[in-house]
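A.B. asks: Chains as they are written, first to last, in my numbering: chain A, 1 to 408; chain B, 1 to 479.
Please note: incorrect hints may appear among the correct ones.
Claimed, not checked - A few chain B residues facing chain A, derived, Cβ under 8 Å:
(1) P53
(2) R59
(3) Q124
(4) E188
(5) F258
(6) V339
(7) A405
(8) G407
Unchecked claim - Which chain A residues stay away from chain B? Per the calculated CB distances, all over 10 Å, these:
(9) V38
(10) T92
(11) R172
(12) R186
No lab work stands behind these hints, which were simulated from the structure alone. Here the structure is a predicted model, which means the values were calculated and not measured. Each residue gets a CB set at the ideal place from its N, CA and C atoms; glycine is no exception.
Listed below are the residues making up each chain.
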Amino acid sequence: MSRPMGRAVRKAYFVASVAGVLFFVMSVALLGVWPRRVIEAETAAMSPEHTVAMSASALRGRAIYAREGCGYCHTQQIRYLHTDMARFGLPTLSWETRFDYPHLWGTRRIGPDLSRATGTRSADWQFAHLFAPRSIVAGSVMPQYPALFDGAPDRPRQDARDLVTYLDSLGRARELAGPEGEARAREACNCPDDEMKQMAFGDQVNAHPARSRRGGAVPPLPAAGDLARGQALYGERCATCHGVAGAGDGPGAAALKPRPGNLAAHEYTDARIAEALWNGVAGSAMPAWRDYPPDDLAALVAAVRSLDATRTEPALPAHMAEIGARVYAANCQQCHGAEGDGRGTAAAELTMAPTNFRQQRPTLDLSLRALRNGIDGTPMAPWGSRLGADEMLAVAHHVRGFFAGGGR
Amino acid sequence: MVETAETRAVPRVDTALVHAHGIAALVTLLLSVTFGIVVAFQLIYPDLGAGRPWLSWGRLRYSHTQGIMLGWLGNAFFAFLYHAVPILSGRAVTSARLGHWLFALWNFAVMLPGWVLVLSGVSQPLEWAEFPLAVDAVVVVALLMAAVQFLPPFFARGLEYLYVSSWYIIGGLVFTLLAYPMGNVVPELVAGASGAAFSGLWIHDAVGLFVTPLALAIAYFVIPAATRRPIYSHFLSMLGFWLLFFLYPLNGTHHYVFSVIPMSAQLTAITASAVLGVDVIIVVANLLLSTRGAGIIPKDAGLRFVVTGIYCYLIVSIQGSLQAQMSINQAVHFTDWVVGHSHLAMLGFASFVAAGGLVHAWQRIAWARYNARAINYAYWLLVAGLLLMVVDLTIAGLVQGRLWAGGAPWIESVEASRLYWVIRAHGASWLLAGGFVALLIGLTTGPRGGGWQAVDEGVGAAPVDEIAPALQPLEGAAS
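Model the full structure from these sequences, guided by the hints.
C.D. replies: Right, here's the structure in full:
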């Protein structure tokens with residue numbers, strides 16, 4: 001080859017090299033630098049005026065989440081898709097992850113998305129689940145993390161507390177922003193005609209079907225549930241906490257406060273079971289099961305009813321009935337209500353709704369134990385030192401008398 | 001390459017470094033595959049590991065991909081470069097001593113501490129970037145050393161002789177050096193959605209600017225060298241090369257479709273993904289046309305691995321173009337479909353081609369052991385394992401996507417996956433492990449110099465003496 005030819009080739013290669021580097025620079029500019037400018041402007045305009053930064057505990061928890069690769073099974077990114085939104089809530093806006101160095105968006109979902117994890121599980125549920133996932137969710141494939149605990153799920157180390165603090169912080173800022181925050185973001189977006197962007201705004205920030213809530217309307221369920229289906233479902237989904245026979249003694253029960261309901265020692269109305277399934281039991285580890293079809297829920301109602309192992313209790317001597325009514329009026333009705341429906345004047349302030357005795361009737365034995373010792377993890381105080389044995393017996397009979405479940 | 005051998009004295013290949021990186025590649029491969037198999041089994045026996053932190057799913061999963069990309073493919077690429085660069089450029093690599101340092105750094109200052117740190121909980125939660133920043137710094141130093149080692153030979157004599165394989169080598173080394181720090185460092189400095197945009201770039205650049213160019217460099221080298229035929233069309237080579245370097249980096253945001261990252265960036269990436277499929281068709285057509293006469297499953301083991309990898313390259317790229325499209329992405333994103341896709345890319349394409357390059361180089365080391373039977377077993381076991389795994393995970397992904405879209409309780413998608421995870425763990429992973437062990441046996445047992453015999457028996461085999469002078473052991477090299 002002649003020298004001039006060599007020079008031409010040399011020039012061609014020089015031009016090519018410059019072009020090649022420019023391709024790379026262009027990609028970074030188009031898909032990195034420019035989107036960053038747009039995102040940062042959007043973040044500044046759309047974030048609530050005053051937001052809380054992450055707490056030190058949440059930040060430490062975040063480091064644990066990062067270190068253990070949680071983000072490789074749990075995404076933190078709700079996409080602008082109705083299927084994502086129906087399950088998890090409104091799409092993740094850029095300002096929601098602005099403290100994430102580095103981001104934890106994830107590209108695989110083996111477990112559910114966690115960007116709106118706040119308030120969806122109680123802390124004791126999280127601890128029990130982190131310590132031994134299958135003691136709570138039988139079909140889970142999540143790794144166990146006993147190293148975060150001192151040997152038991154109810155003895156979390158600081159690491160476990162931090163991790164749970166972090167999980168419970170996910171999505172909280174958006175919820176706390178409230179309607180004003182949504183309005184501000186919508187205004188800043190200034191995109192009334194952009195159908196996709198509009199998807200990010202709405203009333204229900206968190207749509208998690210397991211999030212428990214108080215008093216949500218329960219849709220009507222089919223009257224007669226399929227018992228066999230219900231029992232199978234109960235075995236797969238409920239027995240971990242409530243126990244195979246419903247005694248509230250499943251493998252996951254020990255660490256939960258309050259302990260899971262003893263389903264064998266209660267008579268329930270169908271409505272009570274449906275309510276607990278649809279809304280969960282706020283203030284306890286009992287999640288809601290709103291992602292289950294009505295037929296399955298009705299089947300579960302039948303299965304829970306079939307666990308009822310209560311027997312006819314001895315009758316109360318007539319002269320004691322008056323004592324029961326008096327003690328109840330003096331000590332119980334503030335919370336449980338004059339009619340025993342759990343709607344006393346103080347009920348709304350309690351972290352957990354007082355038992356509605358019209359819809360559930362505990363055995364005498366269970367009532368007496370609850371009276372004597374209180375119920376750990378609930379506002380129900382122990383009365384053993386304040387009431388005499390006769391008084392407790394009388395009031396236990398009294399609350400059983402509220403049950404209106406003849407027709408259920 | 002043929003011209004090179006004819007027109008000037010061929011410099012010696014440092015076979016000791018080819019061999020050392022080859023063995024390191026196989027050892028890191030087996031470790032990385034072990035991590036992969038353990039995580040596959042943990043999905044069906046989640047208590048495997050009994051809660052020991054260093055055996056937990058997340059940390060092993062981090063170690064799996066970093067091991068495959070840097071340990072196995074990195075070492076295999078270096079082994080190939082020590083074989084190919086002197087032959088392509090007509091000059092020896094820069095320095096054997098630099099080579100020893102690079103080897104030591106890559107294996108004992110990147111892989112070893114990287115794994116130890118990740119398993120003990122020091123890492124960063126970024127895909128294809130899980131080794132912590134301190135290790136990233138060593139990687140960048142090592143990549144610089146690699147550039148110094150392998151690039152000057154191409155420029156020392158002017159540029160007239162740059163062969164297509166050389167373009168890919170130069171492109172791969174230079175762009176990896178640019179992309180690696182971007183992907184590993186920027187998301188630590190740029191928060192949330194902006195950081196994710198950069199991560200998206202890197203996820204694709206890791207495959208597109210590091211793995212793909214170097215794998216294609218192997219394909220463009222091994223195919224003509226093994227068939228003794230020139231590349232079908234250098235125009236297509238040129239077109240494919242430039243489209244690749246133009247389009248690959250523009251694909252990044254397709255990992256975050258329907259996200260809050262600006263839609264125009266998403267659409268750019270989706271469009272680039274579609275066009276990239278066309279580019280890959282060009283590249284693959286050119287490569288496969290160059291194998292005319294060698295058969296669909298060539299007899300020569302190195303060529304057979306490479307050609308099989310190229311088939312996978314075609315399938316995985318067209319699949320990638322499709323799954324970047326919104327309608328399909330919506331159905332399969334976040335599912336095992338994508339895990340199947342990435343195994344088709346990293347195992348089916350990159351690992352088969354890298355294994356082919358390794359076998360090809362090994363055949364031409366006069367003193368290296370070579371067990372043709374074991375390598376044959378390796379090939380078939382790997383093909384069977386790959387097919388089973390990819391088909392299995394693709395179906396699993398469709399099932400998961402259906403259940404999610406239908407609003408079924410989340411746990412049902414986990415329970416429905418179990419059958420597919422069982423098939424992957426109990427079926428595919430043993431086939432693949434067997435294949436990789438057979439590959440190790442194939443390259444460490446058998447007669448010394450047995451590879452030359454295999455070349456003679458291969459299709460299109462010409463006298464190996466023609467290129468043999470390049471491949472004698474260096475004086476004083478380990479044997």
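A.B. asks: Each of the hints needs a verdict: does it hold here or not?
C.D. replies: Status of each hint after checking the structure:
For P53/B, the interface hint holds, the least distance from its beta-carbon to any beta-carbon of chain A being 5 Å, beneath 8 Å. Annotation: R59/B was flagged as interfacial toward chain A, and the flag holds, the nearest CB pair being 6 Å apart, inside 8 Å. Taken as an interface hint, Q124/B checks out: its beta carbon lies about 6 Å from the nearest beta carbon of chain A, inside 8 Å. Against a cut-off of 8 Å between C-beta atoms, the interface hint on E188/B holds, since the closest Cβ of chain A lies about 5 Å away.
Because the smallest distance between the Cβ of F258/B and any Cβ of chain A comes to about 4 Å, under 8 Å, the interface hint for this residue holds. A least Cβ separation of about 7 Å between V339/B and chain A falls short of the 8 Å threshold, and the interface hint therefore holds. Restraint check, A405/B versus chain A: the minimum CB separation of about 5 Å is within 8 Å; hint holds. With a cut of 8 Å, the hint placing G407/B at the interface with chain A holds, because the nearest CB-to-CB distance is about 6 Å.
In this structure V38/A is not separated from chain B by more than 10 Å, as the shortest Cβ-Cβ distance comes to only about 5 Å. Non-interface status of T92/A relative to chain B is broken: a Cβ of that chain comes within 10 Å, the nearest being about 6 Å off. Distance check for R172/A against chain B: the nearest CB is about 16 Å away, which clears 10 Å, and the non-interface claim stands. The beta carbon of R186/A sits about 14 Å from the closest Cβ of chain B, which is more than 10 Å, so the claim that it is off the interface holds.
The structure shown violates the earlier hints numbered 9, 10.
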